[in-house]
Amino acid sequence: MAINELAEGDLAHTDDFIELGQVPRLGDYLRDLWSRREFAVIVPYHDLRVQKVNTLIGQFWHFLNPAFTFLVYYVIFGLILEVDRGIDNYVGFLVIGVLLFTVMTRTMTDGLNAIESNAGLIRSVDFPRALLPVTSVIGQMMAFAPALVVLFGALFLTGERPSLEWFFVVPGMVSCFFICLGTAWLMARAGFAVRDLGQVIQHVIRLLFYASGVLFQPSQFIDSELGVRLFAINPLYDVLTFMRWALMGEELLPEVVILLIVYSLVLPVVGLIVFMRAEHRYAGS
Amino acid sequence: MTDIGEPIAIIEDLHVSYTTYLDQPRRLRSLATKAEAPRRKKVVRAVKGVNLVLRKGEYFGLIGSNGSGKSTLLAAMTGLLPVDAGRIRVKSRPRLLGVGVAAMRGGVSGRLNLIIGGLAVGLTYKEINEKLDDLIEFVGIGDAIDRPLKSYSSGMRARLNFTVATLTQPDILLVDEALAVGDAAFIARSKKRIDEILADAGTVIMVSHNVDNLIDSCDRIAWLKAGEIRALGDPTTVGEAYLADAENREPEFDVSSVLTPEHFEALKQEQQEEN
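Same order as they appear, the protein sequences are chains U and A. Using the numbering used here, the first residue of the first sequence is number 1, and each one after it goes up by one. Using the numbering used here, the first residue of the second sequence is number 1, and each one after it goes up by one.
Just so you know, the hints here were simulated from the structure itself, not pulled from any lab data. Misleading hints may appear alongside valid ones.
[Unchecked claim] Result set (EDC-like, lysine to aspartate or glutamate): computed pairs, CA atoms no more than 16 Å apart in a straight line:
id, chain 1, residue 1, chain 2, residue 2
1, A, Lys91, U, Asp16
2, A, Lys126, A, Glu177
3, A, Lys225, A, Glu262
4, A, Lys48, A, Glu6
5, A, Lys91, U, Asp28
6, A, Lys268, A, Asp245
7, A, Lys225, A, Glu247
8, A, Lys91, A, Glu12
9, A, Lys48, A, Glu262
10, A, Lys225, A, Asp245
11, A, Lys268, A, Glu247
12, A, Lys91, U, Glu38
13, A, Lys191, A, Glu228
14, A, Lys91, U, Glu19
15, A, Lys91, U, Asp126
16, A, Lys191, A, Glu177
17, A, Lys126, U, Glu19
18, A, Lys268, A, Glu250
What you are looking at is a predicted structure, and each value in this text was computed from that prediction instead of being measured.
Model the full assembly from the supplied sequences, consistent with the hints where possible.
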């Protein structure tokens with residue numbers, strides 16, 4: 001009783017068949033991802049638009065939030081604790097540190113939740129899941145645009161004037177984007193595998209806060225030269241240092257630039273490969 | 001059965017399981033005695049060795065009681081669950097249309113969810129905007145299209161899901177009892193859309209525990225029980241085999257022609273033991 005067996009010659013058609021429930025091929029995956037690029041821009045744009053619609057002053061919050069964040073840090077660390085030793089323009093130093101650090105760590109937290117917070121969409125439609133961390137990083141970068149206005153405003157008010165070095169903000173932000181993207185892919189996979197990480201991340205971020213030189217220059221507090229140089233291992237520190245050099249002429253060591261380039265290239269590649277190895281499992285949680 | 005088309009999906013000795021987390025309170029005593037805590041992870045082996053070939057233009061029905069593995073099989077066919085053993089090969093990725101499907105993005109409007117779904121399916125923003133008015137009319141929920149999705153009733157949600165799932169002509173459409181929640185008008189429109197897909201040489205797989213629905217419309221039916229296919233073929237005969245089993249009675253006519261060999265052997269053995 002042969003029921004539903006393959007008929008003669010049926011398998012002749014199967015060359016171009018896709019095998020399901022397996023790790024996809026990188027080439028196919030990248031093509032799928034690229035064909036959905038509009039998703040990664042349009043979805044976060046609309047998400048941002050609806051985010052503040054039920055508040056009193058709506059979109060102004062996108063400008064006020066970064067301004068307040070910076071002000072709080074400035075009052076505590078600049079005016080009360082006076083950690084501004086040896087920095088000419090502490091306001092500029094702090095505004096770059098605080099705002100960039102905030103956006104970068106937000107992409108980490110978002111990445112960690114990327115799979116779970118989109119569970120509905122993942123279960124409804126089949127699409128390359130790597131699109132979700134991309135979307136959340138692009139969303140954070142879009143949300144960062146008003147913060148950038150605040151940042152430039154603060155720099156201008158404290159006496160910094162545009163120079164040719166300011167153009168290096170562009171490669172700096174590109175590098176920042178790719179580092180965030182790679183990290184977000186890694187985080188998404190990690191957060192999917194171990195849900196407890198959602199609790200751990202806040203402590204990691206607090207630790208990173210001090211290890212990234214957001215408030216101070218490591219050389220102010222650490223005597224050993226090696227100790228100061230070790231900060232360059234932290235990609236967040238590299239981004240902040242590079243941007244501070246570009247915008248206000250702070251010191252920039254060559255290893256910071258080299259590591260910045262290495263991280264921008266390596267993190268996204270490693271992140272994507274690590275992320276897609278669980279591609280076929282993300283919907284099954 | 002209609003003309004046999006070329007295969008569009010080939011499932012070979014498929015095994016699928018999924019993991020759930022049990023919410024068992026840990027007893028105080030077990031803490032005190034240092035007894036092992038109850039295992040909180042549970043692996044459910046839902047599909048156990050399924051073989052199936054689906055063909056172009058076929059309207060295929062999948063029947064089985066709750067917990068028979070129907071939905072898991074569909075999820076695996078959509079690429080939503082990893083394959084433990086065996087393989088599924090498909091001509092193109094099947095699209096799943098299910099009632100259990102959660103809201104896509106609860107906080108934003110139905111209109112925006114249509115756009116998001118369309119982009120995720122692979123349409124361009126321009127294509128979606130050109131279609132948007134027609135789509136909104138097809139969803140047919142009036143002004144509610146601009147309300148956040150989380151305020152939708154299950155019927156409204158099903159309408160939106162159906163619209164997204166059929167935005168582009170899928171080669172293989174999997175329908176998981178999604179139509180049951182809509183009202184009569186929507187069911188009629190959905191049936192029309194399914195007919196269009198079939199007419200366009202698409203393959204539709206309909207899952208249900210309602211035999212009559214499937215017998216009326218399907219070319220072939222498979223009966224799934226405990227993760228295995230028990231019977232496959234002519235809808236009326238498979239339907240009777242399923243009903244007889246569910247109602248714990250003898251089939252009203254001979255159903256042996258559709259039983260899968262393993263099940264046929266098992267039944268024969270059972271009868272011998274009884275004699």
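Verification of the hints:
1. A:Lys91 to U:Asp16: Holds, at roughly 7 Å.
2. A:Lys126 to A:Glu177: Violated: Lys126 of chain A and Glu177 of chain A sit about 32 Å apart, past 16 Å.
3. A:Lys225 to A:Glu262: Holds - the C-alpha atoms of Glu262 of chain A and Lys225 of chain A are around 13 Å apart, at most 16 Å.
4. A:Lys48 to A:Glu6: With Cα atoms ~26 Å apart, Lys48 of chain A and Glu6 of chain A exceed 16 Å; violated.
5. A:Lys91 to U:Asp28: 15 Å, holds
6. A:Lys268 to A:Asp245: Cα-Cα ~15 Å, so holds.
7. A:Lys225 to A:Glu247: At roughly 14 Å apart (the allowed maximum being 16 Å), Glu247 of chain A and Lys225 of chain A satisfy the hint.
8. A:Lys91 to A:Glu12: 15 Å, holds
9. A:Lys48 to A:Glu262: 13 Å, holds
10. A:Lys225 to A:Asp245: 10 Å, holds
11. A:Lys268 to A:Glu247: Distance of about 19 Å is beyond 16 Å: violated.
12. A:Lys91 to U:Glu38: Outside the cut-off at roughly 26 Å; violated.
13. A:Lys191 to A:Glu228: Not satisfied, since the Cα-Cα distance of roughly 29 Å exceeds 16 Å.
14. A:Lys91 to U:Glu19: 9 Å, holds
15. A:Lys91 to U:Asp126: 15 Å, holds
16. A:Lys191 to A:Glu177: The given pair, whose Cα atoms are some 13 Å apart, holds under the 16 Å limit.
17. A:Lys126 to U:Glu19: At roughly 31 Å apart (the allowed maximum being 16 Å), Glu19 of chain U and Lys126 of chain A break the hint.
18. A:Lys268 to A:Glu250: 13 Å, holds
Of the hints listed earlier, those the structure fails to meet are numbers 2, 4, 11, 12, 13, 17, in rising order.
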